[in-house]
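Visitor: Sequence:
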Amino acid sequence: MKAHLDQSAGTKARTRPKSMAGRWLTAYPRAIPLAIFLAIAAVTALSVFTIELGEADRERSQMRATAQSISSSLERRGNTSSSYLRAGAALFATVDEINLTLFKRFVRELRLDSAYRGAEGIGWAEVVRPADVEAFEHRIGAEMSDGMAVQHSAHSSPDRLVPVTFLQPDTERNRRAMGYDMYSEPNRRAAMDEAERLVRPTASGKIVLVQEGGGDAPGFLIYMPVFVDGPNQSELKGFVYSPFSAQAFLESAIDSVAIGEIGVQLFDGPENAQNLLAVKDPGLFTGITIEQEVTIANRPLTLVVESARGEYLSSLSIATLIFGLAVATLLMLMARMLTQQAVEDQASLEYLEQQNSIRDSLSRELNHRVKNTLANVLSIISLTRRRTDDLDEFADGLAARVRAISATHDLLTQSEWGTTPIRSIIEAEAAPYLRMSDSTLELSGPQVEVAPNDALSLGLAIHELATNAAKFGALSVPEGRVSVDWAFERDGVVILTWREVDGPPVSPLREPGFGMELIEKIVAHELKSPVDLRFDETGVSCALRVPVRKREDFQIRQAD
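In numbering that gives the first Met the number 0, the protein residues as written are 0 to 559.
By construction, these hints were calculated from the structure, which means they are not laboratory data. There could be a bad hint or two in this list.
BS3-like, lysine-lysine: derived pairs with alpha carbons at most 30 Å apart [claimed, not checked]:
| # | residue 1 | residue 2 |
| --- | --- | --- |
| 1 | K527 | K470 |
| 2 | K279 | K205 |
| 3 | K470 | K520 |
| 4 | K549 | K527 |
| 5 | K236 | K205 |
| 6 | K549 | K520 |
| 7 | K103 | K205 |
| 8 | K279 | K103 |
Simulated restraints on C-beta separations [what the hints assert, rightly or not]:
| # | residue 1 | residue 2 | range |
| --- | --- | --- | --- |
| 9 | E108 | S156 | 18 to 26 Å |
| 10 | V278 | E195 | 27 to 35 Å |
| 11 | D56 | K103 | 48 to 56 Å |
Don't be surprised by glycine CBs; every beta carbon is placed ideally from N, CA and C.
Construct all of the structure, not just a fragment, from the sequences and the given hints.
Guide: As structure tokens, this is what we get:
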């Protein structure tokens, strides 16, 4: 005994790690490699984050330069248009009457180049008093093939009208605007009043051009007032103006700048959805934006340039990420190999201790099972001996009951002496009798499994009931039927009922045999519940209460 203890102590001493590092390696064989991997992955992620910050700063610098180029192009186009309008205002201020011929010659001599792209053309809008509208329509209509009709509206001013008089180039689109009273619309009126006050080209706010014919594409206009000298002071004669489609105006500026794939938006004033004039949307945004203020004809606009690189990492970040993960994985595998060897050595020593413990546990379990089985066999022998004087009858009865116990043992062996289904027990014990007759056995009940000792007792009871039915009851005739059903009577207890029908009549004077006594004594004692056994004239019935135990209530050795 002392030698055994010394050997166990020596084994435990060998399993103890020799150092703190070894203790950590064997205690956390998976955590240590994972920690190494996560540490290097964190450093890699930090490096990628730093690289991406640098890429974002570089991209912002590029976007800032692009925004500056686009804004310069927009302002250049606005200034060019303003210069043309100033020239027109200077010319028209020197003549008494502006007719279609003069206006066409002026537009033709401007020789508009590509810098004027985005504009719908150049127009003249004469200031007309309401009392002079009819004379104005007659005078201007005489010069135009389609005549002239001023388009009044409920918002027209009672003091003046500013209808579109001439508009070049002469296109179907521009003809839609002829005669439209621009002074009746608030945004146009505000721009004209501001141009009159400042005597300089002034852009309107966000509008929809009459040329759109009912569409909703945003645009704007630039007005330049034309004054003539009156008797007392200068009088406003009209406005030279240019209408612009905002989308065409923005695209004309973008076409002259190499911008790559970025998003560009133009707003009338501050950036919000209501002020959006035009947009070039590539469809991929990162949220990195640059705002640039643009002034077009004395009106502030906002240009927003947004990155379209998407959520993808840069090539340098991808290379860093791949290299970092490769190094982290390699070191993790090396650490895993070292810890695996330490764990295997530790496991080998622990295995020897476990085997000793398992052998002791199996010995106790085997002893317990054998004692229970032998106790049942001794009880059967005792009862059989008291109920018969014939040696052959004693031997046959004893052999049949031992076979019944053996059949249940086979089921328990298949389940490794765990729980066994009630249905399987009934089928195993009744199978020999069903093969020898044409009778039927009907089973009904939920999936319930019982402990090993309870399975042996239940199997013995079913064997005795089946034997009795095969000799005297329902299993002795072809038309006989046996039904077995079970259900939960309460928590932890199942009631199983055996019923025989269509068998030979049961004599009321018949006394229970040894099998019935075995059920009422041994089985009832083992199941710790009384047995309700009845010999009705229509057939034998028996109600057994079988406990459904938890595994820890009967299992001696816990599963590893």
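Visitor: Take the hints in turn and mark each one as holding or not.
Guide: The hints, checked one at a time:
1. The hinted pair formed by K527 and K470 meets the criterion: a straight-line CA distance of about 28 Å does not exceed 30 Å.
2. With a CA separation close to 18 Å, the supplied pair K279 and K205 stays within the 30 Å bound.
3. The hinted pair formed by K470 and K520 meets the criterion: a straight-line CA distance of about 21 Å does not exceed 30 Å.
4. Distance check on the hinted pair: K549 and K527 sit about 16 Å apart at the alpha-carbon level, within 30 Å; holds.
5. Simply put, K236 and K205 have alpha-carbon atoms about 25 Å apart, close enough for the 30 Å limit, and the pair holds.
6. Distance check on the hinted pair: K549 and K520 sit about 25 Å apart at the alpha-carbon level, within 30 Å; holds.
7. For the hint linking K103 to K205, the alpha-carbon distance of about 28 Å falls within 30 Å, and the restraint holds.
8. Only pairs whose Cα atoms come within 30 Å are accepted, and K279 paired with K103 is rejected, the gap being roughly 35 Å.
9. Roughly 33 Å separates the CB atoms of E108 and S156, a value that falls outside the hinted 18 to 26 Å.
10. As the Cβ distance of V278 to E195 is approximately 32 Å, the hint placing it in 27 to 35 Å holds.
11. Between D56 and K103 the CB atoms are about 54 Å apart, so this pair conforms to the stated range of 48 to 56 Å.
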